[in-house]
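Model the full assembly from the supplied sequences, consistent with the hints where possible.
From first to last, the protein sequence lines are chains A and B. The numbering of the first sequence is the numbering used here, which starts it at 4 and goes up by one. The numbering of the second sequence is the numbering used here, which starts it at 6 and goes up by one.
Be aware that one or more of the hints could be misleading.
[Claimed, not checked] The calculated lysine to any residue pairs, modelled on SDA-like cross-linking and capped at a C-alpha distance of 25 Å, are: (1) B:LYS205 to A:ALA364; (2) A:LYS199 to A:ARG408; (3) B:LYS211 to A:ASP29; (4) A:LYS199 to A:GLY188; (5) B:LYS51 to A:ARG30; (6) B:LYS88 to B:VAL153; (7) A:LYS109 to A:GLY188; (8) B:LYS100 to A:PRO123; (9) B:LYS100 to A:ARG283; (10) B:LYS51 to A:ALA99; (11) A:LYS198 to A:PRO123; (12) B:LYS51 to A:GLU41; (13) A:LYS199 to A:ALA99.
[Unchecked claim] Which chain B residues stay away from chain A? Per the calculated CB distances, all over 12 Å, these: (14) THR42; (15) LYS211; (16) GLY224.
Don't read these hints as lab results, they were simulated from the structure. All values reported here derive from a predicted model rather than from experimental measurement. Glycine residues also receive a C-beta, built at the ideal position from the N, C-alpha and C atoms.
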Amino acid sequence: MKSPRLASLWLLAGVTLARGAGDLLDRVQDVLTWSVLEDRMRARVSGTIDAEQYDLQRPVPGVIQTAGSTLFSPRLAVFLDAQFGRHVYAFAQARADRGFDPGQEKFHARLDEYAVRFTPWRDGRLSVQAGRFATVIGSWTARHGSWSDPFVTAPLPYENLTGVWDAEAARSSTALLAWSHVRPGLPAAIAATEKKLRIPIIWGPSYAAGVAASGALGRFTYAMEWKNASLSSRPETWSEIDGDWAHPTMSARLGYRPNEMWNFGVSASDGTYLRPSALRTVVPGHRLGEYRERVLGQDISFAWHYLQVWTEIYTTRFAIPLVGSADTLAYFVETKYKLTPQFFAAVRWNEQLFSTIPDRAGPVRWGHDVWRVDFAPGYRFTPHTQLKVQYSLQHGDSGARDYTRTLATQFTVRF
Amino acid sequence: MNAPPLAARPRSRWWRRAILPAALLVLTSPGARAQVTIEGRIALPKTRTTPVVTQRYEIVTKGGVFSTNPPLAVVYLEGSFPKSATPAAVQMTQKDLSFQPSLLPLQVGARVEFPNLDDTYHNIFSFSPAKRFDLGRYRANETPVPSVVFEVPGLVTLRCDIHEHMRALILVLDTPHFVITDPEGNFRLTGLPAGRYTLKAWVDSKTTRELPVELTAQGSLRVEFPAVPK
Numbered sequence: 004m005k006s007p008r009l010a011s012l013w014l015l016a017g018v019t020l021a022r023g024a025g026d027l028l029d030r031v032q033d034v035l036t037w038s039v040l041e042d043r044m045r046a047r048v049s050g051t052i053d054a055e056q057y058d059l060q061r062p063v064p065g066v067i068q069t070a071g072s073t074l075f076s077p078r079l080a081v082f083l084d085a086q087f088g089r090h091v092y093a094f095a096q097a098r099a100d101r102g103f104d105p106g107q108e109k110f111h112a113r114l115d116e117y118a119v120r121f122t123p124w125r126d127g128r129l130s131v132q133a134g135r136f137a138t139v140i141g142s143w144t145a146r147h148g149s150w151s152d153p154f155v156t157a158p159l160p161y162e163n164l165t166g167v168w169d170a171e172a173a174r175s176s177t178a179l180l181a182w183s184h185v186r187p188g189l190p191a192a193i194a195a196t197e198k199k200l201r202i203p204i205i206w207g208p209s210y211a212a213g214v215a216a217s218g219a220l221g222r223f224t225y226a227m228e229w230k231n232a233s234l235s236s237r238p239e240t241w242s243e244i245d246g247d248w249a250h251p252t253m254s255a256r257l258g259y260r261p262n263e264m265w266n267f268g269v270s271a272s273d274g275t276y277l278r279p280s281a282l283r284t285v286v287p288g289h290r291l292g293e294y295r296e297r298v299l300g301q302d303i304s305f306a307w308h309y310l311q312v313w314t315e316i317y318t319t320r321f322a323i324p325l326v327g328s329a330d331t332l333a334y335f336v337e338t339k340y341k342l343t344p345q346f347f348a349a350v351r352w353n354e355q356l357f358s359t360i361p362d363r364a365g366p367v368r369w370g371h372d373v374w375r376v377d378f379a380p381g382y383r384f385t386p387h388t389q390l391k392v393q394y395s396l397q398h399g400d401s402g403a404r405d406y407t408r409t410l411a412t413q414f415t416v417r418f
Numbered sequence: 006m007n008a009p010p011l012a013a014r015p016r017s018r019w020w021r022r023a024i025l026p027a028a029l030l031v032l033t034s035p036g037a038r039a040q041v042t043i044e045g046r047i048a049l050p051k052t053r054t055t056p057v058v059t060q061r062y063e064i065v066t067k068g069g070v071f072s073t074n075p076p077l078a079v080v081y082l083e084g085s086f087p088k089s090a091t092p093a094a095v096q097m098t099q100k101d102l103s104f105q106p107s108l109l110p111l112q113v114g115a116r117v118e119f120p121n122l123d124d125t126y127h128n129i130f131s132f133s134p135a136k137r138f139d140l141g142r143y144r145a146n147e148t149p150v151p152s153v154v155f156e157v158p159g160l161v162t163l164r165c166d167i168h169e170h171m172r173a174l175i176l177v178l179d180t181p182h183f184v185i186t187d188p189e190g191n192f193r194l195t196g197l198p199a200g201r202y203t204l205k206a207w208v209d210s211k212t213t214r215e216l217p218v219e220l221t222a223q224g225s226l227r228v229e230f231p232a233v234p235k
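Here's what the structure looks like:
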């Protein structure tokens with residue numbers, strides 16, 4: 004077992020070094036900040052180094068891509084934040100890893116996020132942003148980084164794969180039910196790689212390219228974005244512009260914050276979930292734009308002293324000509340509590356339920372209902388180093404077994 | 006090698022031999038307090054760059070430049086002093102997403118209150134060995150104002166768990182005699198008792214300069230700390 008040993012060595016070395024390097028990492032932060040023109044233009048480079056170790060049962064959950072039962076997934080994320088005067092802010096995120104989602108690809112580097120934001124007024128009533136950036140939907144994206152998320156994996160709505168494919172249009176309920184593993188019939192040649200064809204309702208932070216406007220008016224906040232890919236689109240498509248923006252996705256969130264403790268939000272999104280290259284598979288007489296993903300969501304968060312609670316619920320409709328509307332509802336409730344200044348624990352309940360579609364013998368559920376419970380204790384050794392362990396138990400969409408468990412460990416160095 | 010002690014004026018040997026022992030006896034007794042003053046200057050490091058506030062996933066961007074204090078030093082007198090009453094509580098506020106002041110010297114046993122003057126949560130914490138604590142998330146006008154008593158001498162680095170750029174330092178000292186320099190490094194310590202002490206200047210977590218000093222009643226002393234070697 005090469006990867007567990009590698010992960011253990013990395014963890015041991017990291018903790019040992021980090022315990023004596025807190026001051027050094029503070030100085031690194033200072034060294035990686037530059038300014039000119041009397042501080043009017045400032046830039047800062049920061050980052051995280053993550054070492055993730057997964058111990059998995061098959062079928063491997065979510066968007067993790069591996070053929071084995073263990074997976075070591077290191078990642079370097081480098082962030083650039085730059086302030087140009089009072090009105091212009093720019094940011095970028097580059098990553099080097101084995102795939103956007105944990106997997107076994109060759110180690111490579113990507114530019115995942117880059118955007119420029121213009122804020123004309125100082126009171127924050129309006130900001131306009133263009134580039135590639137996280138979706139405005141929900142509230143999870145604000146804490147999806149490895150340092151701030153108490154869990155290693157994303158909540159279920161952001162990673163549980165449905166039976167809908169984005170590279171091919173389902174032409175019948177039989178096809179969709181096979182793709183969803185509700186009925187057999189998936190061609191053997193595809194079975195081994197079909198995970199790369201399926202899409203969730205929201206793919207992680209959804210760093211698709213586009214423009215956005217956001218701001219605050221009193222206790223209300225608003226954000227809307229116009230992007231080149233739907234919420235469910237996979238990372239490879241986030242920078243694609245081969246469709247000439249003919250099928251953009253519009254998303255928006257309206258938030259209300261009565262005080263610092265509570266935050267309420269409602270979100271909506273509408274866009275085409277099929278990739279432009281899937282046009283050849285569309286049912287004759289129908290257009291790509293008819294294959295729509297419509298999402299309605301609500302999020303609530305609460306924070307008080309050592310307690311934080313988040314919940315999000317999404318109802319999603321995939322419109323499939325000739326098949327009908329494939330609806331699904333997904334939600335999670337997550338809480339984190341700081342037990343000591345350095346030790347915290349989090350628990351999350353996730354569930355996704357599928358509605359029925361018309362079939363020859365009557366209505367049939369178009370997916371296996373799934374629930375998952377995640378436990379995650381975490382410890383911050385220093386202000387720059389953190390260890391999280393996540394144990395997950397999942398039921399549903401499991402094929403050979405009813406329950407699958409996942410053990411994930413993540414050690415992070417922040418600089 | 007230690008430098009010879011700097012002595013407060015007047016410097017006459019005759020005066021010192023005849024009067025100093027008796028004066029020291031009186032002035033170091035509980036309740037006695039001479040009015041010795043030390044003035045001086047210490048070279049400070051270059052001003053740090055104003056931090057960049059991370060706003061990648063913030064819907065509301067208010068813009069603007071956040072100010073921080075320029076580098077400052079803490080000058081203090083180290084020695085044996087009579088136990089004083091519990092030091093008065095002091096405040097370190099969070100305003101405009103920064104700590105004010107960003108450097109706070111304290112006497113051991115002092116209580117620090119951390120009022121939040123922003124319209125958003127702050128979560129102040131420290132993992133420093135001299136004081137580990139986490140105040141949790143608290144809002145403006147919260148009562149009682151979150152506070153911490155610092156019982157162990159040492160350097161405490163404060164951070165905010167929500168706003169990554171926020172950082173401040175509390176220097177907990179086992180002496181009642183300390184002062185913060187001005188941005189040019191000038192300082193003035195007053196109301197000091199006579200005697201032999203070590204005058205220290207804390208510049209940053211890696212740099213503390215020190216000089217032996219000898220203070221006599223009603224005297225004053227001018228001290229120039231040598232420049233910090235590069």
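Here is what the structure says about each hint:
| no. | hint | in the structure |
| --- | --- | --- |
| 1 | B:LYS205 to A:ALA364 | violated (87 Å) |
| 2 | A:LYS199 to A:ARG408 | holds (21 Å) |
| 3 | B:LYS211 to A:ASP29 | holds (12 Å) |
| 4 | A:LYS199 to A:GLY188 | holds (17 Å) |
| 5 | B:LYS51 to A:ARG30 | holds (14 Å) |
| 6 | B:LYS88 to B:VAL153 | holds (21 Å) |
| 7 | A:LYS109 to A:GLY188 | violated (32 Å) |
| 8 | B:LYS100 to A:PRO123 | holds (23 Å) |
| 9 | B:LYS100 to A:ARG283 | violated (58 Å) |
| 10 | B:LYS51 to A:ALA99 | violated (35 Å) |
| 11 | A:LYS198 to A:PRO123 | violated (44 Å) |
| 12 | B:LYS51 to A:GLU41 | holds (14 Å) |
| 13 | A:LYS199 to A:ALA99 | holds (21 Å) |
| 14 | THR42 | holds (34 Å) |
| 15 | LYS211 | violated (7 Å) |
| 16 | GLY224 | holds (38 Å) |
Of the numbered hints listed earlier, those contradicted by the structure are 1, 7, 9, 10, 11 and 15.
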